[in-house]
Amino acid sequence: MNAPLLLVEDLSVAIGAARVVDGVSLSIAPGEALALVGESGCGKSLTARAIMRLLPPAARHAGGRVTLDGRELGALDADAMADMRGSALSMIFQEPVASLDPLMPVGRQIVEAVLAHRRTSRGEAAKLALAMLEEVGIPDPVRRMAQYPFELSGGMCQRVMIAIALICRPRLLIADEPTTALDVTIQAQILALIKRLRRETGTAILLITHDMGVVADMADRIGVMYGGRIVEQGEVFALFRRQCHPYTKLLLKSLPSLEGERRTRLSTISGTVPDLHSWPPGCRFNPRCPLAVDRCRTDAPPLAPAADAAHLAACWETARMAELDR
Amino acid sequence: MTAAPLLDVADLRVHYPIRRGLFRRVVGSVKAVDGISFAIRPGETFALVGESGCGKTTTGYAVLGLEKPTAGRVAFAGADFTVATGEERRRLQRDMQIVFQDPYSSLNPKLTVGESIGEPLLVHRVLHGKALAERVAELLSLVGLRPEHATRHPHEFSGGQRQRLVIARALSLRPKLIVCDEPVSALDVSVRSQILNLLMELQRELGVAYLFISHDLSVVRHLSDRVGVMYLGHIVEEAPADRLFAAPAHPYTKALLSAIPLADPVAQRARQPIILQGDLPSPANPPSGCPFRTRCPIAEARCAAEAPALRPIAEGQRVACHFAG
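Going down the list, the sequences are from chains A and B.
Numbering-wise (the numbering used here), the first sequence opens with residue 1 and increments by one.
Numbering-wise (the numbering used here), the second sequence opens with residue 327 and increments by one.
Simulated from the structure, these hints should not be mistaken for lab results.
No experiment lies behind these values; they were computed from the predicted model shown.
Hints should not be assumed to be uniformly reliable.
[What the hints assert, rightly or not] Covered stretches of chain B (chain A as the covering partner; in silico rule of three or more C-beta atoms under 8 Å from a C-beta of chain A):
#1 480 to 488
#2 512 to 525
#3 581 to 588
[Claimed, not checked] With a cut-off of at most 27 Å between alpha-carbon atoms, the simulated DSS-like pairs for lysine-lysine come out as follows:
#4 456/B - 436/B
#5 195/A - 127/A
#6 253/A - 580/B
#7 195/A - 436/B
Backbone N, C-alpha and C fix where the C-beta goes; we use that ideal spot for every residue, glycine too.
Generate the whole structure from the sequences, applying the supplied hints.
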């Protein structure tokens, strides 16, 4: 096991009195792709933003440590952190059009990203920007350089975002729902692009998504989040073969598939995701869990080895998982 | 198979004029829907799939009379809905309802849910008083909620429950057809299957037909009897659901199916997805000939010159491609 590139230890984020991210720990090795997957409100995006130190005003850091390449990010002053963003770690967002400056040609936005981190001339930076636009598959890049975001499609804007994010060759790319706003044929283009750039540059990826298909396509390892906590974590093939937390298992079972029987009753998870201010005590999934026992309603289970040392689950009743197949 | 169609759409076109200049001269048009035909039988689920801008939602609105067709005919239960007026139009409209994508904006926040669900019955003067209250209670039970929920307001319900309320309201007039416009897209994954099960159960019990509009192909495959694939205002392929997913014939359908990542890393990584080049063309300036030719991996000169007709290639399967079949 290599020394981790990113190490997140016991990270918590609060909105008012609610712990919307509650003691999240994870690590990413150099070049590795980890997917955090979960539904809206599970805390996956806030985890990513807390790592970047880009929390929205309503949310605050409520504990825990984030270390990138041996440097603790929380200990850096604002200038040093700003310098890390874009050079050591970068982020792309769900809404590519809204993430770009609407009043600046896209070429200049890439040039600014270079100049923020490298001592180089504007002319050199422009050459780099042009090469990067070609690398992310934008046709006719010379003309595109001079265009504004509104003149580009959503897919093109996401390519520009990726160009800005990767031009300084960061060690870690955080991709927050990078294809959710895009059509499926455009999603396929962007996912193929991210995979190719990852192969060529060795950038590690923290992928935030709700789409199990995207996870299966992109990730080496997965963390499944529910109610601000990681409830299951493991290597991608192992986790899709066998689930050790009832939430993961029921979620995968409820998805209609592209094979198998049609028009059958789909498996469901009872109830709904509770409001973030009304999480239950104990395991936060317990009101919806068919395996819940008294202990689940009082004590929060720790994330502990389940199937093997690398496959973790936060469940008291993980030994009874087979009951969910009946 | 030979039952008379409930809904018969023939050569439907919805074009929006583009106006420019001081005198707002019409300089062109956005061809949102450009000559599509399909039929839905009683109790059947017909799905329209495609990416944003393909015209699937506009088609749904035109079917309901919420959007005025530029040309073509929408016949419902044998009557031409596009020319119906007054009392006949009102009568036909009672039999067609809609469920929108966003359950948060489809309920009036100031009304109790009982008032929202009962409103269509009042507007169409079907029921009032005690009979109305009883029908509302019955509808709430039908969608898996409790009759006492009638006095609450929408904000007291979760997204999934709100979509149940919207479905209850759509069912209040006992419609023959419900247009479902992305009915689960705004919902959390863990509550989607509840709503999909509900839609299937209601169809079995009440015999209602669905025009199911969605971009989610795995959902469409699970629910639909037949599927129409739309691209740039055209239906490029239509087939029974099992046939479409087992043997897609149009290059766009093939690319669309291969582009959905499977929730199975072994199967997904063994696949060789067809990655289409470029973006969707603008419907204001569509390509000549076949609308898909600018991104099609097998396009030839003929495709630019000649628009392919939607022609049958197998039982129930029609494809608009010169090279299919």
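Here is how each hint holds up against the structure:
no. : hint          : result
1   : 480 to 488    : holds (count 4)
2   : 512 to 525    : holds (count 9)
3   : 581 to 588    : holds (count 8)
4   : 456/B - 436/B : holds, 22 Å
5   : 195/A - 127/A : holds, 24 Å
6   : 253/A - 580/B : holds, 26 Å
7   : 195/A - 436/B : violated, 49 Å
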